[in-house]
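Number of protein chains: 2
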Amino acid sequence: LESGMFVLARSIIEKMPACDVALLLESSPPANRKVLWNLTDHDQQGEILEELNEDAKDGIISLMDAANLVAVTEGMDTDDLAYVLRGIPDSLYQAVLEQMDAQDRHRVETAFAYPEDTAGSTMSTDTITLRADVSIDVVLRYLRLKGELPEATDALYVVDSTDHLIGEVPLSTLLTVDPSLSVAQVMNTKTGSIFAEMPELEVAKLFERHDWISAPVVDHDNQLLGRITIDDVVDIIRENAEHSMMGMAGMDDDEDTFAPILPSAKRRTVWLALNLVAAFIAASVSNMFEATLEQMATLAVLMTIVPSMGGIAGNQTLALVIRGLAVGHIGNSNTRWLIGKEAAIGLLNGMVWAIFVAVAVVIWKGDITLGIIIAGAMFINLLVAGIAGVTIPLIMHKYKIDPALAGGMALMTVTDVVGLFSFLGMATLVLRY
Amino acid sequence: LESGMFVLARSIIEKMPACDVALLLESSPPANRKVLWNLTDHDQQGEILEELNEDAKDGIISLMDAANLVAVTEGMDTDDLAYVLRGIPDSLYQAVLEQMDAQDRHRVETAFAYPEDTAGSTMSTDTITLRADVSIDVVLRYLRLKGELPEATDALYVVDSTDHLIGEVPLSTLLTVDPSLSVAQVMNTKTGSIFAEMPELEVAKLFERHDWISAPVVDHDNQLLGRITIDDVVDIIRENAEHSMMGMAGMDDDEDTFAPILPSAKRRTVWLALNLVAAFIAASVSNMFEATLEQMATLAVLMTIVPSMGGIAGNQTLALVIRGLAVGHIGNSNTRWLIGKEAAIGLLNGMVWAIFVAVAVVIWKGDITLGIIIAGAMFINLLVAGIAGVTIPLIMHKYKIDPALAGGMALMTVTDVVGLFSFLGMATLVLRY
Numbered sequence: 001l002e003s004g005m006f007v008l009a010r011s012i013i014e015k016m017p018a019c020d021v022a023l024l025l026e027s028s029p030p031a032n033r034k035v036l037w038n039l040t041d042h043d044q045q046g047e048i049l050e051e052l053n054e055d056a057k058d059g060i061i062s063l064m065d066a067a068n069l070v071a072v073t074e075g076m077d078t079d080d081l082a083y084v085l086r087g088i089p090d091s092l093y094q095a096v097l098e099q100m101d102a103q104d105r106h107r108v109e110t111a112f113a114y115p116e117d118t119a120g121s122t123m124s125t126d127t128i129t130l131r132a133d134v135s136i137d138v139v140l141r142y143l144r145l146k147g148e149l150p151e152a153t154d155a156l157y158v159v160d161s162t163d164h165l166i167g168e169v170p171l172s173t174l175l176t177v178d179p180s181l182s183v184a185q186v187m188n189t190k191t192g193s194i195f196a197e198m199p200e201l202e203v204a205k206l207f208e209r210h211d212w213i214s215a216p217v218v219d220h221d222n223q224l225l226g227r228i229t230i231d232d233v234v235d236i237i238r239e240n241a242e243h244s245m246m247g248m249a250g251m252d253d254d255e256d257t258f259a260p261i262l263p264s265a266k267r268r269t270v271w272l273a274l275n276l277v278a279a280f281i282a283a284s285v286s287n288m289f290e291a292t293l294e295q296m297a298t299l300a301v302l303m304t305i306v307p308s309m310g311g312i313a314g315n316q317t318l319a320l321v322i323r324g325l326a327v328g329h330i331g332n333s334n335t336r337w338l339i340g341k342e343a344a345i346g347l348l349n350g351m352v353w354a355i356f357v358a359v360a361v362v363i364w365k366g367d368i369t370l371g372i373i374i375a376g377a378m379f380i381n382l383l384v385a386g387i388a389g390v391t392i393p394l395i396m397h398k399y400k401i402d403p404a405l406a407g408g409m410a411l412m413t414v415t416d417v418v419g420l421f422s423f424l425g426m427a428t429l430v431l432r433y
Numbered sequence: 001l002e003s004g005m006f007v008l009a010r011s012i013i014e015k016m017p018a019c020d021v022a023l024l025l026e027s028s029p030p031a032n033r034k035v036l037w038n039l040t041d042h043d044q045q046g047e048i049l050e051e052l053n054e055d056a057k058d059g060i061i062s063l064m065d066a067a068n069l070v071a072v073t074e075g076m077d078t079d080d081l082a083y084v085l086r087g088i089p090d091s092l093y094q095a096v097l098e099q100m101d102a103q104d105r106h107r108v109e110t111a112f113a114y115p116e117d118t119a120g121s122t123m124s125t126d127t128i129t130l131r132a133d134v135s136i137d138v139v140l141r142y143l144r145l146k147g148e149l150p151e152a153t154d155a156l157y158v159v160d161s162t163d164h165l166i167g168e169v170p171l172s173t174l175l176t177v178d179p180s181l182s183v184a185q186v187m188n189t190k191t192g193s194i195f196a197e198m199p200e201l202e203v204a205k206l207f208e209r210h211d212w213i214s215a216p217v218v219d220h221d222n223q224l225l226g227r228i229t230i231d232d233v234v235d236i237i238r239e240n241a242e243h244s245m246m247g248m249a250g251m252d253d254d255e256d257t258f259a260p261i262l263p264s265a266k267r268r269t270v271w272l273a274l275n276l277v278a279a280f281i282a283a284s285v286s287n288m289f290e291a292t293l294e295q296m297a298t299l300a301v302l303m304t305i306v307p308s309m310g311g312i313a314g315n316q317t318l319a320l321v322i323r324g325l326a327v328g329h330i331g332n333s334n335t336r337w338l339i340g341k342e343a344a345i346g347l348l349n350g351m352v353w354a355i356f357v358a359v360a361v362v363i364w365k366g367d368i369t370l371g372i373i374i375a376g377a378m379f380i381n382l383l384v385a386g387i388a389g390v391t392i393p394l395i396m397h398k399y400k401i402d403p404a405l406a407g408g409m410a411l412m413t414v415t416d417v418v419g420l421f422s423f424l425g426m427a428t429l430v431l432r433y
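Residue numbers (this note's numbering), protein chains in the order written: chain E, 1 to 433; chain V, 1 to 433.
Chain E on its own, in the form it takes in the complex (with noise of 0.2 Å):
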């Protein structure tokens, strides 16, 4: 590409599926990404943009203007139509929706009238119906006529006359029924759905639970409005997961591997300013103990060494905790079990490296007073941090802060002062007396 082979480029990348495509774009640097999206085949730049991330897309969707927009949104599903204009300016978004057919129109409304990241926004409005009373005979010779169906359609849904929904019908059902019987004799009414405003995580949660391929979105009423399908939930699954690893580093999920230097920077920045924060915490508990320190030059070398262990074997168990509240595990009946065993953790950990730590400082410095006190350090912070990292997500996911943003920040802060006030005042102590 560099070399300048366009035309060669061009009819490479117009034989690629738009799915490879789209991984093409999301590798490249932004700068390459324009060129590539340039030598796209326009039919297939709203599939493309279908797969694409979040910053990628973003990245894209700011190149076009109205008609642009237009030609490709035509035919996407609704939720990543819904996702598309909901990224552009307000006076983009008026032209666009001008242009658009009112087929169009009114399914970016439907999915404009719910929040991002629930149930309404993530569906799709292309379902088929049918009614209780027909024959399979008769589905039968109406999807032969209708001659395809949407993607992913595992089952159509039975409605009454007023759009409520009553049952579905599996696709193998279809297929292995006698075409005589009805379709209220076939179905099954112990369907689960999904109510419009149900939060997207939950979706995925019962979709993983149920093993679901797809699943009919109604209102309060039980109005069928639309069906999520397994590809949009494993994209939620992803995401969701993703953001907690990402989050404990205090990263952005949406953050794209190769978005530009200076958002990036800006981006990370937020999160160096909270850890200076708390780095000035810590320091300002080694200040309290200048006088000491001054003594006894040896008490700096070996002070990190606490912090540093609490700081990992509270990150276990906040991990531990952040999945369990992320996969429903975590409840009001557990917590206290739980508290229990991540200290009875802490304890016989704390012991373990108590005794060791103790061990090498000894060897080392040839100081056992510093190997017992050090000792002692390590033990309590073991165990603060057993609790801590049970007790802080907890707080915080009952507070609705998210605990893989702010947990491991606010533990290392507890570890930190916890670590250094133990060791440092315990040395402190003995020196005086």
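What you were told as hints is all true, and nothing was included just to trick you.
Quick look at which bits of chain V chain E covers, simulated, 3 or more residues with Cβ under 8 Å: (1) 238–252; (2) 270–283; (3) 317–323; (4) 353–362.
Since the hints were derived computationally from the structure, they do not count as laboratory data.
The C-beta atom is built at its ideal place from N, Cα and C for all residues, glycine as well.
Using the hints, position chain V against chain E.
Structure of chain V alone, referenced to chain E:
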């Protein structure tokens, strides 16, 4: 439950769907699990076992004898069956195998032929195959005779007389085409198929990229062996994402939130041991400067700030690269660009925070030289953190070490050593001259 109302509990549990019982078991401490398991409906136990996470599953399996296992595993999916049998002792395994019927035994042997975590061990063998020369009408009549399709079937596979895969017919096609056509006329021959030896993670990537619901598994001769369904892929995606998150905190992703205390403590202690080594390496760096620290205790108070900021900045980059490697965005063609980008971010944030921390230190300690020293160390460490955050995981990836597991610890050692060395080293030079 604690009040001994077993009869009531049993009747409640018997009415719950298997997936909810599994969630209940996973959310319970080990002692309660045993009691709850004994209250479950025997006919439902197989299904419950399939839904449990690995740690909980192993705990339950260890309670059962051969006859029990045979009863429970009857009718299980091949992949779950193989999992259960992989986990039991050899003597029990033989006993279970002897009590199985021939068909189940054959299924077990197929799955066992492939290593764990490959497509072959994840696939199920309950596929429906068609011949290319029959008409759709015949297929429809055959399916009606069969009366039921395997779970999550979205396509039937077309094979030749020696079981080679030649195409697939989606259920939606069966329902929409003219029944007088032959299978050969309607089948999709460009089906994506998966080799049995393909690692699970690659399989998950293919499913995500192509929005598949199920896909055929073939051997190198293109003979059909079975199929993989999206519900198994969802588990793989979730496990892998959890692996990154838990791994970065030094935890095993299989670790169950309610695992007993002793094994949990033991599993975590390895990580603490590694961290202790890292902490002692950092301490030995400060030890080189003990004379300097003795001269100026304020250095001891401030010396934790620079390593801490470097650790955070490096970890941000590390998380980004680990995700990029997992998703497949990072390859040979763009690593140099990525290193350049992260170094630039490190440079930028290094400058911002160097100035900031210098001002804070000058105000706090009233010492301009100290401010200049800490600013220099901060700048160096953030730059190194950015570069190490990309190169460490990439080198590990090259040598097949999992960066999600080992990356954080290695990186922290680098940022601690560089941070302490640059801060204390510069201070020593300044104090000396």
